[in-house]
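Chemist: With the hints as extra help, turn the sequences into a complete structure.
The sequence shown begins at 1 in full-length UniProt numbering and counts up by one.
Accuracy of the hints is not assured; some may be wrong.
If you anchor each label on the Cβ, the simulated ranges turn out as follows [as the list claims (entries may be wrong)]:
# : residue 1 : residue 2 : range
1 : Gly-173   : Pro-39    : 40 to 50 Å
2 : Leu-151   : Trp-85    : 13 to 23 Å
3 : His-95    : Thr-13    : 17 to 27 Å
4 : Ser-16    : Val-168   : 31 to 41 Å
5 : Ser-16    : Ile-102   : 48 to 58 Å
Straight-line Cα separation of at most 20 Å, SDA-like style, residue types lysine to any residue; simulated pairs [to be verified]:
#  : residue 1 : residue 2
6  : Lys-142   : Val-99
7  : Lys-142   : Leu-41
8  : Lys-138   : Leu-33
9  : Lys-45    : Leu-122
10 : Lys-142   : Glu-132
11 : Lys-47    : Ala-27
12 : Lys-165   : Arg-88
13 : Lys-165   : Thr-36
14 : Lys-45    : Ile-62
15 : Lys-142   : Thr-36
16 : Lys-142   : Ala-153
17 : Lys-138   : Thr-36
18 : Lys-45    : Gly-32
19 : Lys-142   : Gly-116
20 : Lys-126   : Thr-36
21 : Lys-138   : Thr-82
22 : Lys-142   : Arg-88
23 : Lys-165   : Val-78
24 : Lys-142   : Met-127
Hints are computed from structural coordinates only; laboratory data are not their basis. Only a predicted model underlies this, so the values are computations on that prediction, with no experimental measurement involved. Backbone N, C-alpha and C define an ideal beta-carbon position, used for all residues, glycine too.
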Amino acid sequence: MRSNATATGYGATAISLHWIIALLIFAAFGLGLYMTGIPGLTPTKLKLFSWHKWLGVTVFMIAVLRVLWRATHAAPPVAPGTPAWQARAAAGAHHLLYVLIIVVPVTGYLYSLAAGVPVVYLGLWKMPVLIEANEELKAVFKVAHVALNYLMAGVVAVHAAAAIKHQVVDRDGTLGRMLPFLR
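Modeler: The following block contains the structure:
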């Protein structure tokens with residue numbers, strides 16, 4: 001496996017993909033919470049749903065690139081002295097996050113299709129209709145999309161808390177792996 005990572009941190013491509021996806025996910029999650037709280041079916045709500053879908057498609061496309069990049073580029077080694085259980089937990093959390101950044105947009109896409117609402121990316125490109133409208137599938141994909149979003153939010157919160165703990169308590173440079181200015 002090639003790597004542009006250094007002995008102490010990830011390379012510029014991995015860092016960029018990480019933070020771009022993180023920001024897009026935060027935006028999509030916040031928008032999702034906001035738009036679903038708007039009562040009725042208003043023009044504003046419809047516009048926000050479109051933006052949410054566009055964010056989801058964008059996350060999916062960049063996530064595919066990120067997973068491919070990570071599959072072909074090794075991560076830097078864990079900080080010296082990191083207990084084995086923490087290294088395994090971090091690896092497990094990272095793998096789960098990689099799965100979620102792919103699966104969450106897919107469930108949202110399938111939820112939209114099952115609801116009979118096509119996804120037109122950026123209002124320009126109609127995405128393929130993989131399934132026909134189906135009320136039963138709509139209910140399944142809605143629950144899956146919401147539940148997986150909350151699972152991702154929980155994993156991200158633990159991920160961020162662990163990074164901060166490593167920076168503040170352990171002072172082992174782990175956070176500097178993704179924030180070069182802390183190295």
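Chemist: Can you tell me whether the CB distance of Ser-16 to Ile-102 sits inside 48 to 58 Å?
Modeler: violated (18 Å)
Chemist: Can the suggested window of 13 to 23 Å be confirmed for the beta-carbon pair Leu-151 and Trp-85?
Modeler: holds (22 Å)
Chemist: Against the 20 Å threshold, does the CA-CA distance of Lys-142 and Met-127 hold or violate the hint?
Modeler: holds (19 Å)
Chemist: Take the C-alpha atoms of Lys-138 and Leu-33, compute the straight-line distance between them, and say whether it is at most 20 Å.
Modeler: holds (19 Å)
Chemist: Measure nothing beyond the straight line between the CA atoms of Lys-45 and Ile-62; if it is 20 Å or shorter, mark the hint as holding.
Modeler: Given pair Lys-45, Ile-62 is violated - Cα atoms ~26 Å apart, limit 20 Å.
Chemist: Per the hint of 40 to 50 Å, is the separation of the Cβ atoms of Gly-173 and Pro-39 within bounds?
Modeler: Holds, since Gly-173 and Pro-39 (Cβ atoms, about 48 Å apart) stay within the stated range.
Chemist: Please work out if Lys-138 and Thr-82 have their alpha carbons no farther apart than 20 Å.
Modeler: Distance ~44 Å between Lys-138 and Thr-82 Cα, so the pair is violated.
Chemist: Does Thr-36 lie within 20 Å of Lys-138 when you go C-alpha to C-alpha?
Modeler: holds (16 Å)
Chemist: Just to be careful, I want the Cα atoms of Lys-142 and Arg-88 compared with a cutoff of 20 Å; is the pair within it?
Modeler: The hint is violated at about 32 Å.
Chemist: Does the structure keep Lys-142 and Leu-41 at a Cα separation of 20 Å or less?
Modeler: OK: Lys-142 and Leu-41 at ~17 Å, within 20 Å.
Chemist: With respect to the beta-carbon atoms only, verify the hint that Ser-16 and Val-168 lie 31 to 41 Å apart.
Modeler: Taking Cβ atoms as reference, Ser-16 and Val-168 lie about 25 Å apart, which means the hint is violated.
Chemist: When you check the alpha-carbon spacing of Lys-142 and Val-99, does it fall within 20 Å?
Modeler: holds (18 Å)
Checked against the numbered hints given earlier, the structure breaks hints 4, 5, 13, 14, 20, 21 and 22 and satisfies all the rest.
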